[in-house]
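Protein sequences appear in the order of chains X and V. Its first residue numbered 0, the first sequence is counted upward by one per residue in numbering that gives the first Met the number 0. Its first residue numbered 0, the second sequence is counted upward by one per residue in numbering that gives the first Met the number 0.
Treat the hints as calculated values from the structure; they're not laboratory data. Among these hints, one or two may not hold up.
[Claimed, not checked] Here are the simulated DSSO-like pairs of lysine-lysine, each with C-alpha atoms no more than 30 angstroms apart in a straight line:
#1 V:Lys5 x V:Lys18
#2 X:Lys62 x V:Lys73
#3 X:Lys91 x V:Lys75
#4 X:Lys91 x V:Lys73
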Amino acid sequence: MTPRRHWLQVSSALALALTSGLLKPEDVFGQIATTPPSAKDPKKPGLLTPLGLGPYEAEWNGKIYTARRVEFMIRAFGDPEVWQETDLITVKAPELVENGAVVPVSVNSAVEGTDFLALIATLNPYPVCLGFYVLPGTLPEYTTRIKVSESSTLVALARAKGKWYTGSTEVAVIVGGCLR
Amino acid sequence: MAEPMKIRATLTGDTVEVKILFRHPMISHLRWTSSLGSLPTQIIETISGTCNGRLVLFMHFGFSVSRDPFFSFKFKGASLGDEVEVTWLDSDGETQTNRTRVVG
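From just these sequences and the hints, can you work out the full model?
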């Protein structure tokens, strides 16, 4: 079966299930259907288990890192889905990128008490790029290279003292990067 | 994955900037080639870094990080000659560690 016919059948079946009430909207649009391999195995030891690090021990959680939107990522942490756009969180990325497979991005948070800083590329198939725990003594900023599939917004999501903040920037991409 | 990652830690003032270049294919299952078809997912998932035994870095990568990822971050409270060690764990269960000294 050609890929196009396959996806037409899948999407029309999903639409039918959604309208008939068999599937909730969250199941269809909310989370990505696949879970990462390590999230399926609950007995897999964490990287830091021998060191016993308490509050920083967080497994690569399928729900957090496969969330498709900012609100679903906040919900996966168990927090109410409210956040505030602020200029204190800066995301620096080139405005126009030829090769979407390598986009240098720099994130900085000037919000007091930041303890988690994530980077989300909104229109990627897997939007969440990074989750960075700000440990005592470490500055809440980093630079990295990500894949961007199409021209979209890059959002930096920060948690400071229990509240969530976002900062964003736009990136235009000529050749998408997710299939490479 | 066979090659060790490159780490450089430089001290400027009171802040150490650490730059890491991982060697890893970072394949998400979306990658499709006409000869091999769909490739199995293989990405670095968790990274931790210590400086003289003190934990300074703990983060997770998602699917959208480039191949051979580059990452740089800053921390305070170290001096020249301290040992910075970085470890990663990937989706296949493989792990790799490398260490370097802080230079000025």
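* To do: Against the structure, test the hints numbered earlier, and report the numbers of the ones violated in rising order.
  => none
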